[in-house]
Amino acid sequence: MELTGAQILLESLRREDVDVVFGFPGGAVIDIYDQLPHYPLRHVLARHEQGAIHAADGYARASGRVGVCLVTSGPGATNAVTGIATAYMDSVPVVVITGQVPTPLIGNDAFQEVDIVGITRPCTKHNYLIKDVRDLARVIKEAFYLAATGRPGPVLIDLPKDVQQARCEYKYPKTIKMRSYNPTYAPNPKQVAKVAEVVRKAKKPIIYAGGGVIASTAAEDLVWLSRSQDIPVTATLMALGCFPADDPRWVGMLGMHGTYAANMAISHADLILAIGTRFDDRVTGKLSEFAKNAKIVHIDIDPTSIQKNVAVQIPVVADCKSFLAALRRHLEDAPAEAGPPPAERHAAWLEKVAEWKAEKPLTYAQDDKVIKPQYVVETISRLTRGEAVITTEVGQNQMWAAQFYQFLRPRSFISSGGLGTMGFGFPAAIGAQMACPDRLVIDVAGDGSIQMCIQELATAVCYDLPVKIVILNNGYLGMVRQWQELFYAKNYCATCLDVAPDFVKLAEAYGAAGFRVTDPAQVEAVLAEAFALPKTVIVDVVIDREENVAPMVPAGKSITEMILV
Amino acid sequence: MRHILSILVENEPGVLSRVAGLFSGRGYNIETLNVAPTLTEGLSMMTITTEGDEAIIEQIVKQLRKLVTTLKVVDLTDVKSVEREMMLLRVDAEGGKRAEVLRIVDIFRCKVVDVSLDELVIEVTGTQDKLGALIHMLQRYGIKEIARTGAVAMRRGMQE
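Those protein sequences? They're chains E and H, same order as listed.
When we follow the numbering used here, the leftmost residue of the first sequence carries the number 1, and every step to the right adds one.
When we follow the numbering used here, the leftmost residue of the second sequence carries the number 566, and every step to the right adds one.
If you're looking for bench data, these hints aren't it; they were derived computationally from the structure.
Even glycine gets a Cβ: it sits at the ideal position worked out from N, Cα and C.
Fair warning: there could be bad hints in the mix.
[What the hints assert, rightly or not] Keeping only pairs whose Cα atoms sit at most 30 angstroms apart, straight-line, the calculated DSS-like set for lysine-lysine is: (1) H/Lys-631 <-> E/Lys-190; (2) H/Lys-637 <-> E/Lys-194; (3) E/Lys-177 <-> H/Lys-627; (4) E/Lys-203 <-> E/Lys-352; (5) E/Lys-292 <-> H/Lys-627; (6) E/Lys-286 <-> E/Lys-203; (7) E/Lys-308 <-> H/Lys-637; (8) H/Lys-637 <-> E/Lys-190.
[To be verified] Counterexamples of contact, computed for chain E against chain H with all Cβ distances above 10 angstroms: (9) Arg-328; (10) Lys-352; (11) Ala-365; (12) Leu-440; (13) Gln-522.
The whole structure should be built from the sequences, with the hints applied where relevant.
Shown next as structure tokens:
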């Protein structure tokens, strides 16, 4: 069957079971758009390429499938770069197709030409420039395979206009084998045996879970490990939801804005099981002070993550799920000889952890005058019983959402962790809503971040997506203001947003619904009303202007040195 | 410490910039770099010399392996290996200097590959140390130009 490059692309997307493409057309991709109506793909037209790529990312995070984004050459491609880097930092499987000027013009500074393969080389898992239509089918197959396997990540395919128009015989490869790419899934059995041994001997163990647990669908296995061995669990921002927050073994997120209990526990543990995580600087604080008393076991599918920041005693290169299954077989087949059961062995430790939790829990004081952001998030959590998909922007809104929402299952918390991209949350919510039409999707936003991709209101309204945006509005770029307050003598330079749109009117202008809340007593009722509306809604919640995120570990300090109020 | 890395890569456009970009993006330093095709069609061998402590070299090796276009990375510092680099030098050899320069060429087992009235072009192959020693010896006569290939290296047949 002879097809054009554009047809090959769309037919191959169909064979990869892609059901939705987030995109924005332009001169260099018209041939693809010309064929799009003939294929069983939903296209979501974003209002800016950054919206399209974040939506594809949000779709991937919410569903576990590969997100697909289609944009034109030049500015279309460069507008997508922030979103590509966002997906790269958080290991999200996305395939990005960019149009390119015709091959004879490449390198001529043609209209809307940019070397997007060169630009995205450091922020994609891999990328391709196709010069021959006969390579296209194989490259698409490889792109989906690379994006979704090993440590997932974005893959970009740059497709010149003449290649889209050229024809060739189409055959989609059934299988794939790349001689230079073979990620390790199964753990080395000797390493698993070593882990089992230290787990049996530990007196003060803790599980430190990362996004890899969710990426490898290992949450249930992790829950088994914690419950069967009576080990407390902390997690990174990326892993919230991998362990139910209502379990007594949950100690909360760790790191810069982690809970007191989590930071104390990781600092006093004798064994840390670091699973699918990369010891980010926001987690470890001052490296030389991090977990000095612990033996560290580190499981990661990416060998470069291991021994990168922190020296570990037992490294295991493996997929989290395969590792946890292997560890389970070990622990079940050969239970600890003679020694006391875990509950007994860890009794003193569990008691200590419970003490830390009780001593300094996450807290705030809501009065009847000014709304506290923490109260808003707690109310959202209560109203949705932890069942919503929460996306966030970046800054204080993100940290309050992470701290005060009770996540019960994986893929419920979608946030730009590594790159920290303001403007991510709302388009990501659009993608998540496309992936999960039956779930309530809520973007917890700040008044600063929401303005970075606000144009996507048109997208949400256009596709009848009942996404809810809850703006924690303090009239500041709050997190930067918090740093200025604490570390820069309250020099609030360029962080006050005193000119802002009326978000209620703005919502209405786009055809969405808008609410404003200023009275603490009204928060619950308004949120409940907004969540019940089957349409796009903005709830503008006017909060305490100078509320800070606590605890906070100042950058470069040990994570035991927390500012608690 | 100086390490010699031997990197087998897919011979395709952009592969050099993937490797070079990895070094610059992560703050590592390339001291010398050599790339050429291998006997197997479609594969190239890169030889890179770089500096770093054990942890940095381990990270560089892992990062190189992570590139989708990389098949194999060997740190030749870990095994018994031979290392050679070729250098061309244009040396001032006017009048009385010529005989002395030619003696040094002899001692270092170099070759004279071009000769003119006032200068010689000398070819020499050896380890970085040997090349360094030759430069040192010839400097007093006036080295006008140098071109070096960067190190290439290979593991020895007999390993312990």
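Just to be careful, I want the Cα atoms of H/Lys-631 and E/Lys-190 compared with a cutoff of 30 angstroms; is the pair within it? 24 angstroms, holds
The output says E/Ala-365 does not contact chain H. Does that hold with a beta carbon cutoff of 10 angstroms? 46 angstroms, holds
Report holds if the minimum CB distance from E/Leu-440 to chain H is greater than 10 angstroms, and violated otherwise. At about 38 angstroms from chain H, E/Leu-440 clears the 10 angstroms cut-off, so the statement holds.
Checking one constraint from the list: CA of E/Lys-177 to CA of H/Lys-627, max 30 angstroms. Satisfied? Holds, at about 21 angstroms.
Need the status of pair E/Lys-308, H/Lys-637: alpha-carbon distance at most 30 angstroms? 20 angstroms, holds
Hey, is E/Arg-328 genuinely clear of chain H, shortest beta carbon separation above 10 angstroms? Non-interface label stands for E/Arg-328: nearest chain H Cβ at 28 angstroms, farther than 10 angstroms.
CA of H/Lys-637 to CA of E/Lys-194, is that 30 angstroms or under? 28 angstroms, holds
Below or equal to 30 angstroms on CA atoms is what counts here, so check E/Lys-286 against E/Lys-203. OK: E/Lys-286 and E/Lys-203 at ~25 angstroms, within 30 angstroms.
Would the hint linking H/Lys-637 and E/Lys-190 be met if the CA-CA limit is 30 angstroms? 24 angstroms, holds
Hey, E/Lys-203 versus E/Lys-352, does the alpha-carbon distance stay inside 30 angstroms? 12 angstroms, holds
If I take the minimum Cβ distance from E/Lys-352 to any residue of chain H, is it greater than 10 angstroms? Check passes; 33 angstroms lies beyond 10 angstroms.
Just checking, E/Gln-522 versus chain H, shortest CB gap more than 10 angstroms? Nearest chain H Cβ is 50 angstroms from E/Gln-522, so the label holds.
Hint violations for this structure: none, all hints satisfied.
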